[in-house]
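Chemist: Taken in order, these protein sequences are the chains called A and B. The end of the first sequence is residue 328 by this note's numbering, with every number in the run present. The end of the second sequence is residue 409 by this note's numbering, with every number in the run present.
Careful: at least some of the hints might be erroneous.
FRET-style restraints, in silico, Cβ to Cβ [unchecked claim]:
#: 1; chain 1: B; residue 1: T392; chain 2: A; residue 2: E131; range: 49 to 59 Å
#: 2; chain 1: B; residue 1: T361; chain 2: A; residue 2: L274; range: 27 to 37 Å
#: 3; chain 1: A; residue 1: R319; chain 2: B; residue 2: T288; range: 13 to 23 Å
#: 4; chain 1: B; residue 1: A159; chain 2: A; residue 2: R197; range: 41 to 51 Å
#: 5; chain 1: A; residue 1: L91; chain 2: B; residue 2: R228; range: 51 to 61 Å
#: 6; chain 1: A; residue 1: L91; chain 2: B; residue 2: S43; range: 17 to 27 Å
#: 7; chain 1: B; residue 1: R182; chain 2: A; residue 2: D79; range: 28 to 38 Å
Per the computed footprint, the stretches of chain B lying under chain A, defined by three or more beta-carbons under 8 Å from a beta-carbon of chain A, are [unchecked claim]:
#: 8; segment: 144-156
#: 9; segment: 188-197
Below, simulated DSSO-like cross-link-like pairs (lysine-lysine); rule was C-alpha separation at most 27 Å, straight line [claimed, not checked]:
#: 10; chain 1: B; residue 1: K332; chain 2: A; residue 2: K37
#: 11; chain 1: A; residue 1: K221; chain 2: A; residue 2: K232
#: 12; chain 1: A; residue 1: K37; chain 2: A; residue 2: K92
#: 13; chain 1: B; residue 1: K198; chain 2: B; residue 2: K249
#: 14; chain 1: A; residue 1: K222; chain 2: B; residue 2: K332
#: 15; chain 1: B; residue 1: K376; chain 2: A; residue 2: K232
#: 16; chain 1: A; residue 1: K218; chain 2: B; residue 2: K332
#: 17; chain 1: B; residue 1: K376; chain 2: B; residue 2: K249
#: 18; chain 1: A; residue 1: K37; chain 2: A; residue 2: K56
#: 19; chain 1: A; residue 1: K132; chain 2: A; residue 2: K98
#: 20; chain 1: B; residue 1: K249; chain 2: B; residue 2: K210
#: 21; chain 1: A; residue 1: K54; chain 2: A; residue 2: K37
#: 22; chain 1: A; residue 1: K221; chain 2: B; residue 2: K332
#: 23; chain 1: A; residue 1: K71; chain 2: A; residue 2: K37
#: 24; chain 1: B; residue 1: K198; chain 2: B; residue 2: K210
Hints were generated in silico from the structure; no laboratory data involved. Ideal placement from N, C-alpha and C gives every residue a C-beta, glycine not left out.
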Amino acid sequence: MTSNPKFSAIQLICALTMWGLLPCQAQAYTIFVSSEKDNTITVIDSEKLQVTNKIKVGRRPRGILVTHDGKYLLICASDDNRIDVMDTKTLKVVRSLKSGPDPELFVLHPSGNPLYIANENDNQVTVLDIEKNIVVAEVPVGVEPEGMGVSPDGSVMVNTSETTNMAHFIDTKTHKLVDSVLVDSRPRFAEFSSDGRMLWVSAELGGTVSVIDTETRKIVKKIEFKVPGLPKETIQPVGVRLTRDGSRAFVALGPANRVAVVNTDTLEVEKYLLVGQRVWQLAFTPDEKLLITTNGNSNDVSVIDVEGLKVVKSINVGRAPWGVAVGP
Amino acid sequence: MLDCRIPWNALVGRLHRLCTLCWLVVALVIVSTGISKAAETASVRMGFLSYRPPPPPAYEIDPVPEDEGLAGGRVAVRDNNTTGAFTGQQYSLDEAWLDENEDPVAKARTLVEEGIQFLIVNLPASELLSVADALKDRSVILFNVGATDDRLRGADCRANLLHMAPTRAMLTDALAQFLAFRRWQSIFLVTGPQAGDKLYADAMKRSARKLGLTIVAEKPWEFGALARSKADAPTTAEALVFTRDVDYKVLVVADEAGDFGDYLPYRTWNPLVVAGTQGLIATTWHPTLEAWGAAQLHNRFRQSANRPMRPLDYQTWMAVRAIGEVVLRGAKADAVDVRRRLLDPQFQLAAYKGVPVNFRTWDRQLRQPILIAQPKFLVSVAPQEGFLHQRTPLDTLGADQPESECRVQ
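The shape of chain A in the complex, shown without the other chains:
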């Protein structure tokens, strides 16, 4: 019966659930995927796991996120030096925000405002009040800033710079640099644990993820990855996501075409999940039942069942999918 094409993925998942194999999907969310080569946002229904729409946006969309009220999708339109704001209900781009030059990735303060934007070409982080569309501050950081993280209590923002190879800790009140931690080559992504005690920073060319104690700002462990049969050079960690309960971390390994599942207690890799080609960014559905991965070279996203640690589906999207975010 699994071969019945009319049988939707979600029915399949629910059917498997009845047999105790998978948890059942409770709620439908909207998955947004940016495609940097054809300047679109692909919209996917998380229940049907099908593409429902494709929306033209600014040029070279990369980092995307859904505002905390769920109303808007913010899109880094890198080549247009702006952030597009899309209404998540009507799927219309309703306005644009100032971003500074070449915005690549950003993160929202836990309160929902301001937005912290990495300006890749300008060695700075722009702090933007998204309601007033006013640049509050520009913070100089290292060469080619990309990864952005903010602590759960909102007191510290972290930026990683790809050529400087550092994670910069920045006070969100004073906008002053507090500390810089040296990590391995080409850090791409920064993610705080939900208790705020650990910061995870991936190093794409170094092939490692540094877990940094946010109190002492010392590296607790550098996690390395080994996939049998793959040369070390192809293992290039980029996106990192941690579950809210803090038990697991998922690390996208780029051209290794795998997502590593890491036990956050032992900081050891538990499993590698085979996904599409050149996997970069990851996003959970709000209920953390599914994890979506963007696969830049196979032009699709993979859907991972978080509980069962299985890849349940891949869905074709636009060319060179980059960012992913899930809204209500």
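Based on these hints, arrange chain B on the given structure of chain A.
Modeler: Same frame as chain A, now just chain B:
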């Protein structure tokens, strides 16, 4: 009566004064060395040594820029200094241009006398060796950014010489891998009259043997610099029929000076591909490489130098960044420690090629991916998929450890 009592009080007082002086001196020495130490760790001075490019003729399509090489070094110095702002280091690059007939050894010595321990050198092989030998007992390391001669990494290797420029063998292996991958296996080799052309052709022959290509024909080019000749210059009939009656798939041209290679595409008897030093080329850097963040380096370079970045600029950029990378990670800013850390197998430099690059410890050559490009498009990147090596696929390009003739460690 002679007073034989020792004047203890006076003596103690004098000693005390003496000691105060001693302490002062000691304190002064401590303070001054402290200051000079701080200055030492904070500033990293590098030098760039190259012949000044001759002024271009009245009209030249793509003249050699006056700042070729140096411009890449300048961008890397800024990159290092952005990071240095967080670590308390200041990088600088002194430029030393040689005029024709000026002695590079004397100029290099002057730079070293001024305290420079890192010398980035763009010189022909023989002059580069003279400089390396003249400085072999000094605390200085040289970075070869220009010379592709394999002998500099082989029989003529030097302990104080690291190579950012690829070897001819790396370039021809990269090209031959691509031709093998496409199954364009029969080669017509056309070699120019200059010494470098012969070396390039020799490297191509070795690559062909290594990768299963066949050199089906080989001819010297004897018609002069037709690619540089003016529109009214005569083209001899022989040049037009030069490629007739040869059964081949790819014409590989060895013309490092660019004198005639660009004459060949579209003037071959059969409509076949021209590759080598012109046409489809192997290179470390190309304006059409955009992946792996390369577009960001192109942008930074263009903003700074107002022109596209050339391979020599990129190789100089890598040299300055490599020094910055190890000093940033805790190397002392001296030649010995920097050399040791650069040659550590754990060393990694992110160089916009998708994999980190580092040095082959046996000949101090930077292993790196090589781009295969047509004039306005990137065609492929070597190593090609499927060419494997027990250490790293990058070591399928150029001389490998077992065949290395370098005996100096």
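Chemist: Looking at the structure, which of the earlier hints fail to hold?
Modeler: 6, 8, 9, 10, 15
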